[in-house]
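Visitor: One-letter residues, chain by chain:
Number of protein chains: 2
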Amino acid sequence: MRFTTKTEYGLVCLIYMARKSPGQSVTIKEIVKTERFSATYIEKILQKLRTANIVISHQGKQGGYALAKASSEITLKEIIEALEGGSTFDVSLNTFGVFCAPQIRDRIVCTHFSMCGLRPVWHKTKELLDHFYGSITLETIAKEEPEVKNLVTVN
Amino acid sequence: MRFTTKTEYGLVCLIYMARKSPGQSVTIKEIVKTERFSATYIEKILQKLRTANIVISHQGKQGGYALAKASSEITLKEIIEALEGGSTFDVSLNTFGVFCAPQIRDRIVCTHFSMCGLRPVWHKTKELLDHFYGSITLETIAKEEPEVKNLVTVN
DNA sequence: TTAATCTGGACAAATTTAGTCTGGTTTTGG
DNA sequence: CCAAAACCAGACTAAATTTGTCCAGATTAA
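Heads up: the protein sequence lines correspond to chains A and B, in order.
For reference, each letter of the first sequence is one residue, going 711 to 865 in my numbering.
For reference, each letter of the second sequence is one residue, going 711 to 865 in my numbering.
These are calculated hints, taken from the structure and not from any lab test.
All of these numbers come straight from a predicted model, not from anything done at the bench.
Watch out, some of these pointers could steer you wrong.
Since the list gives no way to pick out one identical chain from another, each pair is judged satisfied if it fits inside one copy or across any two copies.
[As the list claims (entries may be wrong)] Here are the simulated SDA-like cross-link-like pairs (lysine to any residue), alpha carbons at most 20 Å apart as the crow flies:
1. Lys853 - Gly827
2. Lys836 - Thr847
3. Lys758 - Ile738
4. Lys853 - Thr785
5. Lys853 - Trp832
6. Lys743 - Thr761
7. Lys743 - Ala728
8. Lys834 - Thr714
9. Lys834 - Thr850
10. Lys787 - Gly827
11. Lys787 - Leu838
12. Lys739 - Ser782
Based on the provided sequences and hints, a complete structural model is requested.
Guide: Below is the structure:
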């Protein structure tokens, strides 16, 4: 149980942007120079974030990406939903909402042959995570300093 | 973000076993007849559960599987750890513990080039889920009745 | 003994994730 | 104007992971 690299890389990009002065735009080239990600892959990720109205972009020379709103207004929840959302099993709709019970038209349909009490558990999991991630903003993540004692950079 | 079918199928099997009288053993054949799972796949899952001391098995004619302890003593946490545990990214060790920071020898090493404040977030996620799943027993899941209003069986 | 059952490991198929490639379009500075 | 710098879009490929299958062997009750 994990998030994909899209969420990981996307978060690193957003943290990078959050540390710039508000409104200042950033090019993919610049991010890639710092983080050594694949430029074309980061493009994809930023496009997802743009569709979700988390970043805005400007085309053309002097173009780039910037946060669409203050970092204190962007929650981890919306970032994760934007980036995990394209997966076959996405955070908000499939996994914990209807894990053992896909929705067919307007009814929840359990595909197991004996009834089980799992749905409330997955539902509560989703509630827990939504509440937690909904309470964390990009500002917090970008500000927070790692515990130097346990955290060492490579290069 | 989801659990694999191993966890899903495994839970269904355990619920099936929990509803038998204590100590009564169950064959794969019997489970498969009820749930229409692949027998060979269920074998693999039950072997994982056996290794984790959640079920015990008896070989030979009249053999089968039974819960290794009372269903009230088996938590969802240990079931999930047993079944997701073999994955490359497992619940207890990799994902939320050290998502952006693999452990190399005895130090946590952040592979990103700019520091980020994500580790405490994944750590807290793990704590939340461990606490929640640690508090739910197989007995509870096996007992609980689905809300018939929203939950319809197929077949 | 023998049929029923679990055991264990190699193997294969399907799915998903991760990443590349290529040819666009838009904008702006000279 | 126009060429360079940047984003846009989508098909495509490769790698990794999940989801199984197959089967010979070990064990045990009847």
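Visitor: Now tell me, hint by hint, if it's right for this structure.
Guide: Cross-check of the supplied hints:
no.: 1; hint: Lys853 - Gly827; verdict: between (41 Å within a copy, 7 Å between copies)
no.: 2; hint: Lys836 - Thr847; verdict: both (18 Å within a copy, 19 Å between copies)
no.: 3; hint: Lys758 - Ile738; verdict: within (14 Å within a copy, 45 Å between copies)
no.: 4; hint: Lys853 - Thr785; verdict: within (14 Å within a copy, 37 Å between copies)
no.: 5; hint: Lys853 - Trp832; verdict: between (32 Å within a copy, 16 Å between copies)
no.: 6; hint: Lys743 - Thr761; verdict: neither (24 Å within a copy, 47 Å between copies)
no.: 7; hint: Lys743 - Ala728; verdict: within (17 Å within a copy, 56 Å between copies)
no.: 8; hint: Lys834 - Thr714; verdict: between (22 Å within a copy, 18 Å between copies)
no.: 9; hint: Lys834 - Thr850; verdict: between (25 Å within a copy, 14 Å between copies)
no.: 10; hint: Lys787 - Gly827; verdict: between (27 Å within a copy, 16 Å between copies)
no.: 11; hint: Lys787 - Leu838; verdict: both (11 Å within a copy, 16 Å between copies)
no.: 12; hint: Lys739 - Ser782; verdict: neither (26 Å within a copy, 56 Å between copies)
The structure shown violates the earlier hints numbered 6 and 12.
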